[in-house]
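Peer 1: Chain by chain, the residues:
Protein chains: 4
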Amino acid sequence: MPTNKLWDKGIPLDEEIEDFTVGEDYILDMKLVKYDCIASIAHAKMLGKMGILKEAEVNKLVNELNNIKELSEEGKFTISKKQEDVHTAIENMLTEALGELGGKIHTGRSRNDQVLTALRLYYKDNIAECISLSKQYIVALHSFSSNYGGIVLPGYTHTRKAMPSSIRLWSGALIDSMQDNITLLEATLLLVDQSPLGTGAGYGVPIKLDRNMTAKELGFAKVQENPIYVQLSRGKFESTILHVLTQIMLDMNRAATDLIIFSMPELGYFELPDKFTTGSSIMPQKKNPDVLELLRAKYHLVVSYEMQVKGISGNLLTGYNRDMQLTKKPVMEGFEVTEQSLKVAARLLGGLKVNKDKAKKGLTSDVYATDEAYRLVKNGISFRDAYKTVSKKYTKSN
Amino acid sequence: MPTNKLWDKGIPLDEEIEDFTVGEDYILDMKLVKYDCIASIAHAKMLGKMGILKEAEVNKLVNELNNIKELSEEGKFTISKKQEDVHTAIENMLTEALGELGGKIHTGRSRNDQVLTALRLYYKDNIAECISLSKQYIVALHSFSSNYGGIVLPGYTHTRKAMPSSIRLWSGALIDSMQDNITLLEATLLLVDQSPLGTGAGYGVPIKLDRNMTAKELGFAKVQENPIYVQLSRGKFESTILHVLTQIMLDMNRAATDLIIFSMPELGYFELPDKFTTGSSIMPQKKNPDVLELLRAKYHLVVSYEMQVKGISGNLLTGYNRDMQLTKKPVMEGFEVTEQSLKVAARLLGGLKVNKDKAKKGLTSDVYATDEAYRLVKNGISFRDAYKTVSKKYTKSN
Amino acid sequence: MPTNKLWDKGIPLDEEIEDFTVGEDYILDMKLVKYDCIASIAHAKMLGKMGILKEAEVNKLVNELNNIKELSEEGKFTISKKQEDVHTAIENMLTEALGELGGKIHTGRSRNDQVLTALRLYYKDNIAECISLSKQYIVALHSFSSNYGGIVLPGYTHTRKAMPSSIRLWSGALIDSMQDNITLLEATLLLVDQSPLGTGAGYGVPIKLDRNMTAKELGFAKVQENPIYVQLSRGKFESTILHVLTQIMLDMNRAATDLIIFSMPELGYFELPDKFTTGSSIMPQKKNPDVLELLRAKYHLVVSYEMQVKGISGNLLTGYNRDMQLTKKPVMEGFEVTEQSLKVAARLLGGLKVNKDKAKKGLTSDVYATDEAYRLVKNGISFRDAYKTVSKKYTKSN
Amino acid sequence: MPTNKLWDKGIPLDEEIEDFTVGEDYILDMKLVKYDCIASIAHAKMLGKMGILKEAEVNKLVNELNNIKELSEEGKFTISKKQEDVHTAIENMLTEALGELGGKIHTGRSRNDQVLTALRLYYKDNIAECISLSKQYIVALHSFSSNYGGIVLPGYTHTRKAMPSSIRLWSGALIDSMQDNITLLEATLLLVDQSPLGTGAGYGVPIKLDRNMTAKELGFAKVQENPIYVQLSRGKFESTILHVLTQIMLDMNRAATDLIIFSMPELGYFELPDKFTTGSSIMPQKKNPDVLELLRAKYHLVVSYEMQVKGISGNLLTGYNRDMQLTKKPVMEGFEVTEQSLKVAARLLGGLKVNKDKAKKGLTSDVYATDEAYRLVKNGISFRDAYKTVSKKYTKSN
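Protein chains in written order, with our numbering: chain A, 2 to 399; chain B, 2 to 399; chain C, 2 to 399; chain D, 2 to 399.
These are calculated hints, taken from the structure and not from any lab test.
Treat the hints loosely; a few may be bogus.
You can't tell identical chains apart in this list, so a pair holds if it fits in one copy or across any two.
[Claimed, not checked] Computed cross-link-like contacts, DSSO-like style, restricted to lysine-lysine with a CA-CA straight-line distance of at most 30 Å:
hint : residue 1 : residue 2
1    : K223      : K394
2    : K82       : K223
3    : K276      : K389
4    : K330      : K82
5    : K362      : K136
6    : K393      : K209
7    : K50       : K379
8    : K394      : K276
9    : K379      : K330
10   : K55       : K379
11   : K125      : K354
12   : K344      : K379
13   : K330      : K217
All figures in this text were calculated on a predicted structure; none of them were measured in a lab.
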């Protein structure tokens, strides 16, 4: 398998150093094969239009890139550590198949704008996937609410009973919150939806390219004009994506916290079916809400990914810096964690039960203290006095 | 000065504990006096409409609240530590002036929705201020670019000369990036622009209120219907605001890093006027770019504020928790730091100079290596071969 | 009041820029007056020994510095914003009192090593204070344990009843954990206990100083020899201090979480006296554990301070950078929050009660399932089989 | 291959849920096989001593566990996803080889203390490895300093020339800082060096065990007595380890930042050999310091791992929570990143060169301004006046 790096000058790189610089790119990049092929196809067509490649050349490149894309979909495409990344792997394969023509695909392009183009396409797909999964989660909440919505149970503040609440109110809150997350996802999509292709290494390229054509071909809403901004926006877009993912995860963290506490047998408002719980290796009676605990914990994971990107992005001179390479993994892991969590949470809602009896039992008289005060208000007493009257009932000296 | 807390039941609180729980609220809340008055006025009018207060009562309350607002604008309103927060301070003052009527303002309201309403109004104002200051920063960049835009200087990647760049390109990148920040600010404004007033402590109130009326009166785009979501969104909205502020600060961090390095006498592309530099107490020759260093550092400050909110918000049971009180300070400080930084950065751009000679001197032949390679491409050589030919010129064995 | 900055060259600094660079130093530095006086006294004596100052001069300086120290202890010393920091304020006062002699104190010193010396002394005092308060917290736990230690209550895993536990076991865990924190505090003290005085701006000073003398005079365990390391260690020492503080806060976060949940009336194992709870402005029955919630939340505060320092410290060129100035506040706030929290937690333990009846009621049969399995093991059945036998009792189909 | 989970009760777990809960444990745990075997051997021997297992049984178990350990060292041991983790995989293998006896190894043990024991042994080994690699890095610095130490070059503050420095001073600072890191590593080792084995699920086990024996057998310095603290210390120990790793990484971040800037051709004090640089796919002249950039960036990676653990650990009820499972990966990755970085940095120092001519050329007259002022001081002028005299030379009006 050929392994000529795109920047190879014939000087051998120190082996250990190479390991260090390649890192996990050759693994992570497996997710980008499809997108790099699509972007390369658009670039080839554009080079054809500009007269830099002949029509026959374009066709050959496009065919071969489609081949690679198919191979990848069948799980037959691999990137070796020596090849370092998807971009080298694909160009090597093109050159093997098409000879010198393979090398021409890189005309008017740098790895910098190539990487970003593939990543943006990947981001767009995954943001869309998050929107779709968020909607499915909302559907699951609606369905849960239609089953149990009418059940009244105590609402809590400060982890103490406060006032009457209901399953409908609780589910509705989660729905509204996820709805706002979708709004944020859509705003982020708009941000990300700018084509970086054609900006070279961050200072343009010395030949004329039709950037509008590639942007359109790839389905980008617009061209990101300024090549320096293209580079500056790396880290920015990534951390905005991750911020929004933390918001989705926070919703699930809060819902999971509710379910963990409200399904304690001591309260028992919610019940988790056995197939959603795990046991202990020493305590035979245990049915543990591991799934919920992991949903809760994974919020912090995604928060730390966001921090990772924000830490890496600061105090750097304008223009591409290799540091930025490390922002790829946290975003990919962020999407993976969030998408899996949304799926699991929706599935969980399908099995979740509300214990009507326990909910009713929970509605002790103190839950109605505010109603009691307002009844006094309706009888003409000022709220402050009504409050003091009722509060006395609940104050024992200790 | 009366200091009856809104939840006072006549049991003395441990002094040291009280200090601990009040924290800095009584200081921070000085920024909220205006907003709490405005919100209380809307609430009073609505209570009037619902027949809970008489017209004369409403008028008295509105007058007194306007008085307090004016006092505050004149710097004459104070909140004592004993009063704990702005809400108690205002209600105490109302009661002092109007007797029992002062206590009626809290009918149909909890401190929970009251705090959130004041905060939302404060957020809206400050987001608007950030948008305005961002635009002024863009104006400063345009003006800087119109003075020096034509100057060509080396563009860097990996902190190494890469290809020719220009002041216009550099300024343009900062402008486009700030433009995207404004888009994010506007998206955040939409999120925040929901009226929480009328949701009580998080489970509604047992009397009928006209939430649309107060929302409209206060200029909110819509009513945030679900009372549980109102509470859940605390922390969410705050961290979204702070995320966007980190993006503004990141832009300034990156610009400051450029200016610090590019104004090193060894490079000298940029020059900072003496009145923007500070000296050393031991080294007489020093002119240090402290302003730029602080702009750089303050990015990390705001990132940590965002983390603070995200840390506090996780693993909590639904419904208000006192933990949330601590999210007030990071947002306030976040706005303060960002607004001041934008002002300072714009001011700095006004004094910043570009050294044309140094820029020219920086344009050594290696900066044009890519152009050289593309000249060979135009003569029919494949890019890969052209690259290898040119790269040989810059490879010395060592 | 004279306001000549130590690096003043007669060029006016832009007003707004000055505000930005001074920041809150003039407020924060009030905590450093004492330490800067002590350090300056040691420095003056050393200059005397080296023959740079005459004995009479040294005496005058020492007297005046002692005066300033006393003034500060009486709350009569102030730092104006114009003076920027404590170092300028003190030198200005010396010059006012002693004329030209005041200016001589800065011989062989830079603000860089001066700031660090004052900070290190301040750190040492506060680490010692944290150790002392941690020990008091341990005393409070011992006292609590001696009152209630014998009470058996359910131990939880996964927020589910697991096996029998006891107040003694619970208190003991908190004690052991705090003991390990003290070990960490002591290790940190060793790190911090190095004298930076005499390293100038980070590259030494061009005259001979007796660094051992000042180190000894100030009670430092050793001289921090390398002047570049003195600067590099800023940020390092600060973040190590803050890390240890987060560990103390984590212990309290976990204890607070336990108390919040275990004092829910639904479980009721612990009881918080009324004077440690607060009420709601709308719900008359509420007694909220605000103190515990704030203890819980403040962990995240200190974590974010640590992150602040770690964010600021990265990607900087060796040698002092103004960015480092911003590490002062997070450490100071970190100490303040931690010390206050330790005091409040110890005080709280004094009032905390255990409800013996509720604890007993909580010991349902499932808590003894493991004991049950081990009884079977003692009768010769393998643990795996015993486990399966007992687990069947607790498995209902659902 | 048998896949009976240690807590299996015969109820099938939802497939998707299972994927979610298992996560990457079955991959990460490959690093723990050795340690789990060692710990199980000690546990078996102790059960023998207590009369719970017969001598022959102990011998069989020890032999088989040694077999597994060897298999693992030869890379022949695998953990299937179904088996979930190393503990199930090993017990399954024991049962397959030894029948019912395999199940007896879990007597008096829970997965909770089993996991912690394996992890602690793994931590101890890796902390020792970090100490060893830190010392090798120090050796590399000494060797670098002995080659180039005498070269004088400008020292910088505020990214501006300040005073003369030298390679010896610079290397010495990095050495001293790494020495302090070693001190911190050793303090952390003491903390971690406590045996958790024998504490069961966090509330002890209902049979008598000899915890001192297993602790001694495994080389732990002491027994961690309190079983609740054993669980509480998870997260604490992990974040302390990660904090110390961030300090090592910070040192390399700062050194890398120096080298990136000081090896810019515009300054040129340092030179990186070609085999340590990488090229650009578009710019033929480029030799980029990717290795240094990645060293710089990886600091932020480890900082985010620390945050991950600190985020996950907060707001949890005492006793094991599944959340804690997620702290395994960040620590493992933290060790991996740090160890690899130390190796690469030491290797890099071997190839690093100092350009004597460029260093000399950098020593412009302003670098000596402080010396100049002190020469005036020696002639009897006060430092403040000398400072002002010299500073005038470097002040041009602009």
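Peer 1: Hint by hint, note whether the structure agrees.
Peer 2: Results for each hint:
1. K223 x K394: neither (65 Å within a copy, 39 Å between copies)
2. K82 x K223: Cα proximity of K82 and K223: none, with 35 Å in one copy and 44 Å across.
3. K276 x K389: between (49 Å within a copy, 17 Å between copies)
4. K330 x K82: both (16 Å within a copy, 23 Å between copies)
5. K362 x K136: Classified as neither: same-chain Cα gap 34 Å, cross-chain 44 Å, threshold 30 Å.
6. K393 x K209: Answer is between: at 26 Å across copies they meet the 30 Å cutoff, but 81 Å inside does not.
7. K50 x K379: Result: close only across copies, 16 Å inter versus 79 Å intra.
8. K394 x K276: between (44 Å within a copy, 17 Å between copies)
9. K379 x K330: Answer is neither; intra-copy 60 Å and inter-copy 38 Å both fail.
10. K55 x K379: between (85 Å within a copy, 14 Å between copies)
11. K125 x K354: Neither, since 36 Å and 40 Å both go past 30 Å.
12. K344 x K379: Answer is neither: 48 Å inside a copy and 45 Å across each miss the 30 Å cutoff.
13. K330 x K217: within (28 Å within a copy, 42 Å between copies)
Going through the hint list in order, the structure does not satisfy hints 1, 2, 5, 9, 11 and 12.
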